[in-house]
Amino acid sequence: QKEVEQNSGPLSVPEGAIASLNCTYSDRVSQSFFWYRQYSGKSPELIMSIYSNGDKEDGRFTAQLNKASQYVSLLIRDSQPSDSATYLCAVNRVKLIFGTGTRLQVFP
Amino acid sequence: DAGVIQSPRHEVTEMGQEVTLRCKPISGHDYLFWYRQTMMRGLELLIYFNNNVPIDDSGMPEDRFSAKMPNASFSTLKIQPSEPRDSAVYFCASSPEGYNEQFFGPGTRLTVL
Chain A
1 QKEVEQNSGP LSVPEGAIAS LNCTYSDRVS QSFFWYRQYS GKSPELIMSI YSNGDKEDGR
61 FTAQLNKASQ YVSLLIRDSQ PSDSATYLCA VNRVKLIFGT GTRLQVFP
Chain B
1 DAGVIQSPRH EVTEMGQEVT LRCKPISGHD YLFWYRQTMM RGLELLIYFN NNVPIDDSGM
61 PEDRFSAKMP NASFSTLKIQ PSEPRDSAVY FCASSPEGYN EQFFGPGTRL TVL
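For the record, the sequence lines run as chains A and B.
Read in the working numbering, the first sequence has 56 at position 56, and its numbers run on one by one without any break.
Read in the working numbering, the second sequence has 30 at position 30, and its numbers run on one by one without any break.
Chain A on its own, in the form it takes in the complex (with noise of 0.2 Å):
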């Protein structure tokens, strides 16, 4: 079983809508959970971090952890063209451990 495991898409939604991201993780004892957004060619750039279970809301993103499930989502609303990207989940102990990621294609 993977540490970071996250489905590699791509995950096809019409603008407007909410893209849902998925991301489960292995270790219990994992404390810091990161989203990135990575561009084609360009570096990861963090969107959304979150500690503790329940919601956590920046603009139109949303991340969502619950640990008792190892589970780490992110929502984003209102989905535009300029959102393609690949995501990355990250669960951090210390160093990061990245999941694969998965591409998001909104289409207009």
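No wet-lab data here; the hints were simulated from the structure.
Hints are supplied without guarantee of correctness; some may be wrong.
In silico negatives: residues of chain A with every beta carbon more than 10 Å from chain B [stated by the list, open to error]:
no.: 1; residue: S20
no.: 2; residue: S26
no.: 3; residue: S52
no.: 4; residue: S69
no.: 5; residue: P81
In silico contact screen, one side only, chain A against chain B (beta carbon under 7 Å); selected entries [said to hold, decoys possible]:
no.: 6; residue: S32
no.: 7; residue: S43
no.: 8; residue: P44
no.: 9; residue: L46
no.: 10; residue: S49
no.: 11; residue: N92
no.: 12; residue: V94
no.: 13; residue: K95
no.: 14; residue: L96
no.: 15; residue: F98
no.: 16; residue: T100
DEER-style ranges, computed between Cβ atoms [unchecked claim]:
no.: 17; chain 1: B; residue 1: G28; chain 2: A; residue 2: G9; range: 34 to 40 Å
no.: 18; chain 1: A; residue 1: L46; chain 2: B; residue 2: R85; range: 27 to 33 Å
no.: 19; chain 1: B; residue 1: S66; chain 2: A; residue 2: S40; range: 28 to 34 Å
no.: 20; chain 1: A; residue 1: K67; chain 2: B; residue 2: R41; range: 23 to 29 Å
no.: 21; chain 1: A; residue 1: Q80; chain 2: B; residue 2: R41; range: 26 to 32 Å
no.: 22; chain 1: B; residue 1: G98; chain 2: A; residue 2: G54; range: 20 to 26 Å
no.: 23; chain 1: B; residue 1: V12; chain 2: A; residue 2: K2; range: 28 to 34 Å
no.: 24; chain 1: B; residue 1: R22; chain 2: A; residue 2: S40; range: 20 to 26 Å
In this text the structure is predicted, and so the values were computed from the model without any measurement.
All C-beta atoms, glycine included, are put in the ideal place defined by N, C-alpha and C.
With the hints as your guide, set chain B onto chain A.
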């Protein structure tokens, strides 16, 4: 504020040559990380430093790879001798504290012919 700075942005070299990648972390960040990204293996941590001291180098693929951090504002990743399988994008990232967010530099795209 300037982000993480990496140089060069692109490097093309021939097999057997020495390659040195450079990184300047964000000022005040105590942690520095070196990652490698390939299509096949995704993002992999190679090594990280805390206060200029290497803490975990378990991700360094072999003895051909070495990393140093002589001071708080500079780090190098060296590959000697380079091989075609080292071709990848190498990212440097820094963080103010170990469990906090990490901020990535623009990366160095390395091609070994």
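Exercise. Holds or violated: is the Cβ of A:S49 closer than 7 Å to a Cβ in chain B?
Worked result: It holds, given that the least Cβ distance between A:S49 and chain B is near 5 Å, below 7 Å.
Problem set entry | A:S69 non-interfacial with respect to chain B [C-beta, more than 10 Å] | holds, 21 Å
Exercise. Does the no-contact call for A:S52 survive, Cβ to all of chain B over 10 Å?
Worked result: Since the minimum Cβ distance to chain B is about 13 Å, A:S52 lies beyond 10 Å and the statement holds.
For this session: Confirm or reject the claim that B:G98 and A:G54 have a C-beta distance inside 20 to 26 Å.
Result: Once the Cβ atoms are compared, 23 Å apart, the range 20 to 26 Å for A:G54 and B:G98 holds.
Exercise. Can we keep the A:S43 interface hint, with Cβ of chain B closer than 7 Å?
Worked result: holds, 4 Å
Problem set entry | Claimed clearance of chain B by A:S20, with the beta carbon kept past 10 Å | Nearest chain B Cβ is 21 Å from A:S20, so the label holds.
Problem set entry | Outside-interface status for A:P81 - nearest CB in chain B farther than 10 Å | holds, 23 Å
For this session: Identify whether the interface hint at A:L46 stands, where standing means a beta carbon of chain B within less than 7 Å of its own.
Result: Cβ of A:L46 sits 5 Å from chain B, so the hint holds.
Problem set entry | Closest C-beta approach of A:V94 to chain B relative to 7 Å, hint status | This hint holds: A:V94 lies near chain B, its Cβ roughly 4 Å from the closest one there, short of 7 Å.
Exercise. Per the CB criterion, is A:L96 less than 7 Å away from chain B?
Worked result: Given a least distance of 6 Å, the restraint on A:L96 holds.
Exercise. Would the hint on A:S32 stand, with a C-beta cut-off of 7 Å toward chain B?
Worked result: holds, 5 Å
Exercise. Taking 10 Å as the cut and beta carbons as the points, is A:S26 off the interface with chain B?
Worked result: Check passes; 16 Å lies beyond 10 Å.
The structure shown violates none of the earlier numbered hints.
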